[in-house]
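Chains as they are written, first to last, in numbering that gives the first Met the number 0: chain A, 0 to 221; chain B, 0 to 202.
Since the hints were made in silico from the structure, they are not lab data.
Please note that a few of the clues may not be correct.
Over 10 angstroms on every C-beta distance to chain A, these chain B residues come out as not near it, computed from the model [said to hold, decoys possible]:
#1 Ala47
#2 Thr50
#3 Asp66
#4 His77
#5 Ala79
#6 Val81
#7 Asp83
#8 Ile97
Between beta-carbon pairs, the in silico distance windows are [claimed, not checked]:
#9 B:Cys58 to A:Ala214: 34 to 44 angstroms
#10 A:Ile207 to B:Gly99: 22 to 32 angstroms
#11 B:Arg14 to A:Trp210: 51 to 61 angstroms
#12 A:Pro42 to B:His77: 33 to 43 angstroms
#13 B:Ala7 to A:Val115: 37 to 47 angstroms
#14 B:Ile13 to A:Ile207: 34 to 44 angstroms
#15 B:Arg60 to A:Lys19: 17 to 27 angstroms
#16 B:Gly61 to A:Ala214: 24 to 34 angstroms
#17 A:Lys19 to B:Thr4: 50 to 60 angstroms
#18 B:Ala25 to A:Met0: 38 to 48 angstroms
These stretches of chain B come out as covered by chain A in the derived footprint (C-beta under 8 angstroms, 3 or more residues) [as the list claims (entries may be wrong)]:
#19 67-73
#20 176-185
On a predicted model such as this, the values are computed, not experimentally measured, just so you know.
Just so it is clear, CB atoms sit at the ideal spot from N, CA and C, and this is done for glycine as well.
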Amino acid sequence: MLRASAFIIRRELRLALRRKGDVLNVLVFFVVVASLFPLGVGPEPNHLRAMAAGVAWIAALLAAVLSLPRLFAADYADGTLEQMLVSPQPLIVVVLAKAAAHWLLTGLPLALAAPVIGLQYDLPTDALGVLLASLLIGTPVLSLLGAAGAALTLGVRGGGALLGLLVLPLFVPVLVFGAGAVTSTLIGINPGAHLSLLGAFLAVSSLIGPWAACAALRVALD
Amino acid sequence: MLEATALACERGGIRLFSDLGFALRAGDLLRVRGANGSGKTTLLRTLAGLTRPAAGEVCWRGNAIGDEYRREMLFLGHAAAVKDELTVLENLEFASRISGLEISEAKIKNALECLGIARLADLPARYLSQGQRKRAALARLALAPAVALWLLDEPFAALDDEAITRVSALCAAHLAAGGMLVLTSHQDVPIEAPDARAIELQG
């Protein structure tokens, strides 16, 4: 099972390497959205510091939603998904591997780029670290729950917009605790509680997300 | 070994066929015929375990469809499952690994040779013609002779005469070695088989 997920992840990474645009688009989108806010609301440092975490997290959510429709769509269109379903590999392994590859290609780069965004907003160093940590714990949730959303909207016309409507409400807890962790650091409160809740949410979504995605994929290919 | 009993399938609320039953043993060839929309593809997808039948069941060695069945079955549908970004070789490597076969590069090259596309091995699939793409998909037949049951949906579509001969020879060898084959086709391609049958689906 581990071998199966390893070669699926390797294949996803290889595919991404051959069409770098898809990965870069998401990252550039994240950076651009997060950089537009200071231009819109003005350069008042206290203002910016207070809204930094919220902006970074919302930009990350939108970037994730932008990337999610592609999670299964290409494999669905060319028949690869069908082959995965009739293969002896458990479907849950396929879904988990694809979600992991999605995180490596979107969540991880977003998290690593976030401290740079934080600098634009004049965040102090400890808050930058917490922002990075919150994104590292929180973005896998986007891939896991997003996989379920992507599977549910597979083959639906205008599925991208529907996917956003479907998964963004599910991302609310991640946004609240993720941004909350950074904000509490700014006012001198230990962010541990927020990060722990984020971790708990990750644990729950790693159970629910792939399972729901499997059920939805079976229906989509019926 | 493959048994379908009282099978009925629906598509979009329309009953395609009902009370369909057959049993396949080693060396059997089953041709599925019928007009467009009569349910040939649906029947094959039902046998592959992708589509749930409205009634009846499919059994393999007396058991319901499960992991054991999936290891012993190869399904090739309309979609070639060939990725544009990967080379022909990489595509086949992934296809065989996902179906649980560990296969060396030399073996894959042999399979490509079997389908007459060995020189395309390192070409990204993006540059393949429709027929070459189909050949690349069908090269899996040459990789999986030991897989007991082949379910092929329109394997001869988009192929030229030379490729049709190559594929029918592969099918005949598979049947002679005790394999089973279910295929849908509009062309009546001759395949040597110890026991050949046909079912006609009424649209």
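Against the structure, the hints come out as follows:
no.	hint	result
1	Ala47	violated, 5 angstroms
2	Thr50	violated, 5 angstroms
3	Asp66	violated, 5 angstroms
4	His77	violated, 7 angstroms
5	Ala79	violated, 6 angstroms
6	Val81	violated, 7 angstroms
7	Asp83	violated, 8 angstroms
8	Ile97	violated, 5 angstroms
9	B:Cys58 to A:Ala214: 34 to 44 angstroms	violated, 24 angstroms
10	A:Ile207 to B:Gly99: 22 to 32 angstroms	holds, 28 angstroms
11	B:Arg14 to A:Trp210: 51 to 61 angstroms	violated, 32 angstroms
12	A:Pro42 to B:His77: 33 to 43 angstroms	violated, 57 angstroms
13	B:Ala7 to A:Val115: 37 to 47 angstroms	violated, 60 angstroms
14	B:Ile13 to A:Ile207: 34 to 44 angstroms	holds, 35 angstroms
15	B:Arg60 to A:Lys19: 17 to 27 angstroms	violated, 47 angstroms
16	B:Gly61 to A:Ala214: 24 to 34 angstroms	holds, 28 angstroms
17	A:Lys19 to B:Thr4: 50 to 60 angstroms	holds, 52 angstroms
18	B:Ala25 to A:Met0: 38 to 48 angstroms	violated, 31 angstroms
19	67-73	holds (count 3)
20	176-185	violated (count 0)
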